[in-house]
Amino acid sequence: MSAAAALPSTFWGWVLYLARTNWSMFLSGAGVTVVLAVLGTLAGCVIGFLVGMVQGIPYPAMTRSVGGIALRAVKAVLAAYVEVFRGTPMIVQATVIYYGSKQMFGVDMSAFVAGFVVVSINTGAYMAESVRGGIDSVDRGQTEAAKAIGMTHFQTMVSIVLPQAFRNIMPQVGNNLIINIKDTSVLNVISVSELFFTSKSLAGTYYQYFPTYLITCVIYFVMTFACSRLLRWYERKLDGPTSFELADGAADGEKARVKVPGRTSRALELLNGKDNSKRRAMR
Amino acid sequence: MNTVMNTPVVEVDKLRKSFGKVEVLSGIDFSVERGEVVCVIGSSGSGKSTLLRCINMLETPSSGEIRFDGSRVDSGRCRASDYRAKVGMVFQQFNLFNNLSVLDNCVIGPMKVHGRKRPEAEEAARALLAKVGMDRYVNAKPHQISGGQKQRVAIARALAMEPEVLLFDEPTSALDPEMVGEVLAVMRDLAGEGLTMIVVTHEMAFARDVSTRVVFMDKGVIAEEGAPEDIFDHPSNERTCEFLARFLEDELPAEEPRDKAMGARP
Numbered sequence: 001m002s003a004a005a006a007l008p009s010t011f012w013g014w015v016l017y018l019a020r021t022n023w024s025m026f027l028s029g030a031g032v033t034v035v036l037a038v039l040g041t042l043a044g045c046v047i048g049f050l051v052g053m054v055q056g057i058p059y060p061a062m063t064r065s066v067g068g069i070a071l072r073a074v075k076a077v078l079a080a081y082v083e084v085f086r087g088t089p090m091i092v093q094a095t096v097i098y099y100g101s102k103q104m105f106g107v108d109m110s111a112f113v114a115g116f117v118v119v120s121i122n123t124g125a126y127m128a129e130s131v132r133g134g135i136d137s138v139d140r141g142q143t144e145a146a147k148a149i150g151m152t153h154f155q156t157m158v159s160i161v162l163p164q165a166f167r168n169i170m171p172q173v174g175n176n177l178i179i180n181i182k183d184t185s186v187l188n189v190i191s192v193s194e195l196f197f198t199s200k201s202l203a204g205t206y207y208q209y210f211p212t213y214l215i216t217c218v219i220y221f222v223m224t225f226a227c228s229r230l231l232r233w234y235e236r237k238l239d240g241p242t243s244f245e246l247a248d249g250a251a252d253g254e255k256a257r258v259k260v261p262g263r264t265s266r267a268l269e270l271l272n273g274k275d276n277s278k279r280r281a282m283r
Numbered sequence: 284m285n286t287v288m289n290t291p292v293v294e295v296d297k298l299r300k301s302f303g304k305v306e307v308l309s310g311i312d313f314s315v316e317r318g319e320v321v322c323v324i325g326s327s328g329s330g331k332s333t334l335l336r337c338i339n340m341l342e343t344p345s346s347g348e349i350r351f352d353g354s355r356v357d358s359g360r361c362r363a364s365d366y367r368a369k370v371g372m373v374f375q376q377f378n379l380f381n382n383l384s385v386l387d388n389c390v391i392g393p394m395k396v397h398g399r400k401r402p403e404a405e406e407a408a409r410a411l412l413a414k415v416g417m418d419r420y421v422n423a424k425p426h427q428i429s430g431g432q433k434q435r436v437a438i439a440r441a442l443a444m445e446p447e448v449l450l451f452d453e454p455t456s457a458l459d460p461e462m463v464g465e466v467l468a469v470m471r472d473l474a475g476e477g478l479t480m481i482v483v484t485h486e487m488a489f490a491r492d493v494s495t496r497v498v499f500m501d502k503g504v505i506a507e508e509g510a511p512e513d514i515f516d517h518p519s520n521e522r523t524c525e526f527l528a529r530f531l532e533d534e535l536p537a538e539e540p541r542d543k544a545m546g547a548r549p
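Taken in sequence, the protein lines are chains E and W. Counting from 1, position 140 in the first sequence corresponds to residue 140 in the numbering used here; the numbering is continuous, with no gaps. Count along the second sequence from 1, then add 283; that gives the number in the numbering used here.
Note that these hints are calculated values from the structure, not bench results. The C-beta atom is built at its ideal place from N, Cα and C for all residues, glycine as well. One thing to keep in mind: the hints can contain errors.
Claimed, not checked - Here are the in silico distance ranges between beta carbons for each label pair:
no., chain 1, residue 1, chain 2, residue 2, range
1, W, 305, E, 72, 24 to 32 Å
2, E, 88, W, 350, 54 to 62 Å
3, W, 365, E, 96, 43 to 51 Å
4, E, 182, W, 328, 49 to 57 Å
5, W, 531, E, 69, 52 to 60 Å
6, W, 353, E, 129, 41 to 49 Å
7, E, 242, W, 461, 20 to 28 Å
From just these sequences and the hints, can you work out the full model?
Right, here's the structure in full:
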């Protein structure tokens, strides 16, 4: 009787009650979600960069050699990986990997580790394609110039092409992070205690679905919104300052800061055709 | 003119290059000796740029041979980068590394390819940038400077590798007219210092005044080559006459004052 009297009777009453009494549950669920999404996206990026880089190695240099055949085989395996993991739902991959690894190989992963593996591999498959696109988007002249001063394919990639490709695919990395924040919710099928899983148990405990999931909704949105702002800030940081400092002039010793158009006005200038040289670099 | 030198640094032998069914180079025989400044002229599509790109191995020849200092460059794979480090290239579209500052553009090659230490590479790069008049812009990124400035940095970047031969692929064709002069002035200085240069260009005044030899290409072959005064004043090939006549028509009114300003050639 007394317990029933303590429980709220209105919708907003329930929302407040759940938030007040179970905030630590929501918070730990959100924490697991963020950790999984961030780690999974980072690992996925690493996988994506490796796969994308290998896929980008040109053939002509090494056809018919042992290396050439090995490269072909590796590329085929990687292509299959990308197709399979992009072509099946993550919820299914999660169950297959979690239960399959236990039954087939006797590997007893915790649900969290299995979740991390699934998110990484899945993100990697998507990022591989983005990285390939990002590498293609870097002007061919950049590679030629690097080769012309004697840099090897690997040096060219690491010092010249990938930094530019990375900047170009930053929006995709952001996309993947936001998708992962939301999509880790499917890991509730293997009982990873992320935000959706905790919400589901809370909702079941109190038999209050709408108030619980409303709170869940708000938390997800706050997380994704914060991430997208952070990523925008990071992109601007990557672009560097819009002005540069002139080194001391020998003649007048004058020090000046030169203002130049930023990325946006630069884009306009390009669209207006003032500089043909860079048009290919624009996407 | 001291054109009498006997060590060909670059030799091209029966070079052919096709893209699919289109044959762009149909048998080129050509050699360059140390200290020469060879200008390659000819209308668009005559294969000038392809020849230059083959010399630097950016294109693989379909057949024929290219030798550098007497040894073949198109055999074996690992040597491509060693060879390219000795043959610099300046591109029409500058191709400065967009993610690096002006200074870093000029030190990355010596550091990565020659294994220089940064302070040493930086000192050399600053000196070269001073030479092309870009030493005050060391901190700028490529998108922050003008086309002429980019091309001067690109020349400094190529020189930083201490190349034995420097190839120029239409270095002024992507520039506004008022920026052409600053780049040509730098190239003129380099020629004066005795650097071996192969220059694909449409700048006839430059070809006439600076080069030790002019090569006229037409439809994938060398139609005529010789001393600049012979090619420009007494061309013997019919196509050369046609080509030059068209250029004289279009360009000479603009070229003449510049010729005078630059001083008479010997």
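Measuring from beta carbon to beta carbon, are residue 365 of chain W and residue 96 of chain E in 43 to 51 Å? 49 Å, holds
Between residue 88 of chain E and residue 350 of chain W, is the Cβ distance one that fits in 54 to 62 Å? 55 Å, holds
Per the hint of 52 to 60 Å, is the separation of the Cβ atoms of residue 531 of chain W and residue 69 of chain E within bounds? 57 Å, holds
Outcome for the supplied range 41 to 49 Å, where the beta carbon pair is residue 353 of chain W and residue 129 of chain E: Since residue 353 of chain W and residue 129 of chain E have Cβ atoms about 47 Å apart, the given range 41 to 49 Å holds.
Per the hint of 49 to 57 Å, is the separation of the Cβ atoms of residue 182 of chain E and residue 328 of chain W within bounds? 54 Å, holds
When you take the CB atoms of residue 242 of chain E and residue 461 of chain W, is the distance between them in 20 to 28 Å? 25 Å, holds
Is the distance from the Cβ of residue 305 of chain W to the Cβ of residue 72 of chain E consistent with 24 to 32 Å? Holds, at about 28 Å.
In summary, the structure agrees with every hint in the numbered list given earlier.
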